[in-house]
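S.K.: Assemble chain H onto chain Z, guided by the hints.
Take a look at the letters that make up each chain.
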Amino acid sequence: MTDERQVSIHVPMLARVEGEGALHLRINDGRIEDLRLQIYEPPRLFEKFLQGRHYTEVPDIVARICGICPVAYQMSAVQALESIIHFTPEGWIRAMRRLMYCGEWIESHSLHIHLLAAPDYLGYDSAPAMARDFPDEVRRGLGLQQLGNDIISLLGGRSVHPVGVRVGGFHHAPEYEAVAALLQRLRSAQEEAAALIAWTAGFDLPDDNQEVTCVAMRHADEYPMNEGRLVSNNGLDISSEEFTDHIREHQVAYSTAFHALLNGQPYLVGPLARLNLNHDHLPADLRALLDATGIVFPSRNMFHSIVARAAEIYLAIGEAIALLDDYHTPTSPYADIQLQAGTGYGCTEAPRGILWHRYQLDDQGVITRATIIPPTSQNQARIEADLRHSLQHFGLQQDDALLRLHAEKVIRNYDPCISCATHFLKLDVTRA
Amino acid sequence: MSPVRIVGVGSPFGQDRIGWQAVEALSSTDLLQRFPDGLVSLHQCDRPGPHLLNVIRGADGAIIIDALQSGAEPGTLRCLEPQAFAGEADRFSSHGFGVSATLELGQSLGELPEFVRIVAIEMDPASAYSTALTPQLIQNLLDTIINKINEIISKTNLVSS
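Which chain is which? The protein sequence lines are Z and H, in order. Residue numbers for the first sequence follow the numbering used here, beginning at 3 and rising by one. Residue numbers for the second sequence follow the numbering used here, beginning at 9 and rising by one.
Treat the hints as calculated values from the structure; they're not laboratory data. Each hint should be verified, as a subset may be incorrect.
Here are the in silico distance ranges between beta carbons for each label pair [claimed, not checked]:
{"hint": "1", "chain 1": "H", "residue 1": "151", "chain 2": "Z", "residue 2": "254", "range": "49 to 57 angstroms"}
{"hint": "2", "chain 1": "H", "residue 1": "143", "chain 2": "Z", "residue 2": "300", "range": "53 to 61 angstroms"}
{"hint": "3", "chain 1": "Z", "residue 1": "127", "chain 2": "H", "residue 2": "78", "range": "58 to 66 angstroms"}
{"hint": "4", "chain 1": "H", "residue 1": "45", "chain 2": "Z", "residue 2": "286", "range": "50 to 58 angstroms"}
{"hint": "5", "chain 1": "H", "residue 1": "45", "chain 2": "Z", "residue 2": "186", "range": "33 to 41 angstroms"}
{"hint": "6", "chain 1": "H", "residue 1": "143", "chain 2": "Z", "residue 2": "179", "range": "38 to 46 angstroms"}
{"hint": "7", "chain 1": "H", "residue 1": "86", "chain 2": "Z", "residue 2": "248", "range": "52 to 60 angstroms"}
Listing some non-contacts, in silico: residues in chain Z with all C-beta distances to chain H over 10 angstroms [stated by the list, open to error]:
{"hint": "8", "residue": "38"}
{"hint": "9", "residue": "178"}
{"hint": "10", "residue": "220"}
Cβ atoms here follow ideal geometry from the backbone N, Cα and C, with glycine treated the same way.
Next comes chain Z alone, as it looks inside the complex (with noise of 0.2 angstroms):
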C-alpha cells in the first residue's frame, strides 16, 4: 500500500553536533523527494584570514578554526608549508607529532562516544540524562578526554588552540618528569580504552550495510595520522599533491560548507574509513579484542563509526605509550629552516578524516593564497546519501518524531564539526 501522506520534517537547530546546522525533508507519496542537510553557521573565512600572514604565524591562527581539533589543523598546515622545501621531520619531531595526534583523537573520540553520540544507542535525550544511568561510563569517558587534552597540553602549553606547534617542530620539549607523569596515566588508561570497545560495540546498533566509497590516508609501515598516501577502497591511490585533480569542492545554495565530491561521487572520511583501509596495521592486542566482538571489519555499516572510534583510542593510547617508553629531551626541538616561494601541500588524518591544505608562499615568505579542506565539508554529500539510505530502510512511515530521532542519530553518527565545515541541525520534513 502507498503511503500517500504528504510530511515535512523540520529539524530547525541539530543537537549534539559541534556547529550550527538544519536538516529539511520533504516526502512525497512515500518516497524522499528533497533532502538538505542545510549548514547555516557564517562563513569562517579563516582562508582569506590566511592571506598576506607570515608563515611563522600559520599554525597559531590556524589552530583557532576548532576548539576540538586544532591539533589536526596545526599539522596539515606545518605538512603543507614544510613540503615547499621538502622537509620531512625526523626523530623526536616525527615523534612528537604523532604523539600531539594521539592526544587529539583520544580527546575528540572520547567526547563525541559519552557525551554525543552514546545517548542514541542507549535511549536518553542527552548525556546528562544518560549520566544519572551510566555514571561510570561517563566518568571514564571524561577521564580519557582529559587525558587526550593532558597529552596536548604536554606539546601545546594549552589543550583549545594549543601554541607550541611551529614550523620545523615545536617551540619547547616537554620535561622528563612531566612524561613520566603522563606515561603512567596512559598505561591505566589502557584497561578503560579495552573496556570501551566492548561497550560500544555491545550498543543496539542499527544493521544497515551500504555501499560507500571509503577514503583515508595509508602508510606502508603504521596506522595513519600524519603521513601517507590518500587511498579508497575503489582503487585511488594518490598523493596530496594530486587531491584536488579527483576531489572536488562546490556549492550548494542552502549551505555556507561546500560540498566536496570524489570524481563526482560522495565518500566517506573519517575513523571508520581509517580502519577499514588499514585494518592491518592495528596492533595484535586491538584486534582480538575487536574481533572478541563480533563486528567484522572492514564494515560497510556506517554505525560501526562509534566502535572504529573505540578502537582508535585503544590504538592512540598503545602509540602513545610506545612514543613516549624511551622518551629524551632533544638539542633542539625544532628544525631551524627557512621557507621558499612556492606552493605546499599537506593531508592528515584529523579525527573526523581527512584534512587537506594547500598555501601558496610569495619569496618573503607571506601567504598569497590558502585553501583548507575539512574532514566534515567531504563527508556532507556522504552524510546525504546515508540520510536517503538510512531513512528508506527506517520506514517513511514511521511518525515525525521517530524519523527525527533516525535523522539525528545518522548525522551524530559522522560527528560533523560545522564550525569547522563553514566555510549544523533543523529538521524540517515536509510530505506532500
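M.R.: For chain H alone, coordinates are given in the frame of chain Z:
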C-alpha cells in the same frame, strides 16, 4: 584550590569574551581581599566544555560568569542557578557541549559544588561580533557584579566564622 571559584567563561569571539573580561576586571579590584585569605580565587576558561567540571571539582562553591543572549536589555545582569537551564542543555550554547550541559552533567554525576551560581551578562545581539563596547560595559557593571558575588558568598556559611 580555593573553596570558592569564580570562573569567567568565554571565547575570543566578539562579546563572548565578556566572562573573561569580567574576571580580568575583578582581578584589579579588592574583591579577593574582602574574604578570608585563600577562600576565593579567579579563573578564566576558554570554551571549557566538560573541562569546567575539573575547574570547579572539590570546591564548596562556584560562581560562573558568562555572556547570555536571552532577548533581555543588553547589559542586564542576572544571577541564575543551574536548574534554570534544566532540559535546555546546549540550546543556548555555541560551544558544542556548553556550560549548561556541563553543569547538568555535573549534577547527574553528583560532582557539583554545594552552590553554583551563574552570573549572566546579557550581550547585545546587534554588535555580537564586536568587542568595542564590552570593556565599558564591564566597567559599568563592575560594582553590581562585585555586590552580587558578595551577596552570593555571604549567604553561605563559608564566611560566617
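S.K.: Give a verdict on every hint.
M.R.: Quick rundown of the hints versus the structure:
In this structure, residue 151/H and residue 254/Z meet the distance hint of 49 to 57 angstroms, their C-beta atoms being roughly 51 angstroms apart. Distance hint for residue 143/H and residue 300/Z: a CB-CB separation of about 56 angstroms, consistent with the stated range 53 to 61 angstroms. As the Cβ distance of residue 127/Z to residue 78/H is approximately 22 angstroms, the hint placing it in 58 to 66 angstroms is violated. Remark: the range hint 50 to 58 angstroms for residue 45/H to residue 286/Z is upheld by a beta-carbon distance near 56 angstroms.
At about 34 angstroms, the beta-carbon gap between residue 45/H and residue 186/Z stays in the expected band of 33 to 41 angstroms. Remark: the range hint 38 to 46 angstroms for residue 143/H to residue 179/Z is upheld by a beta-carbon distance near 40 angstroms. For the pair residue 86/H and residue 248/Z, the supplied restraint of 52 to 60 angstroms holds, since their beta-carbon distance comes to about 53 angstroms. A cut-off of 10 angstroms between C-beta atoms confirms that residue 38/Z is not in contact with chain H; the least separation is 22 angstroms.
Residue-level check passed: residue 178/Z sits 25 angstroms from the nearest beta carbon of chain H, beyond 10 angstroms. For residue 220/Z, the shortest C-beta to C-beta distance to chain H comes to about 30 angstroms, beyond the 10 angstroms cut-off, and the non-interface label holds.
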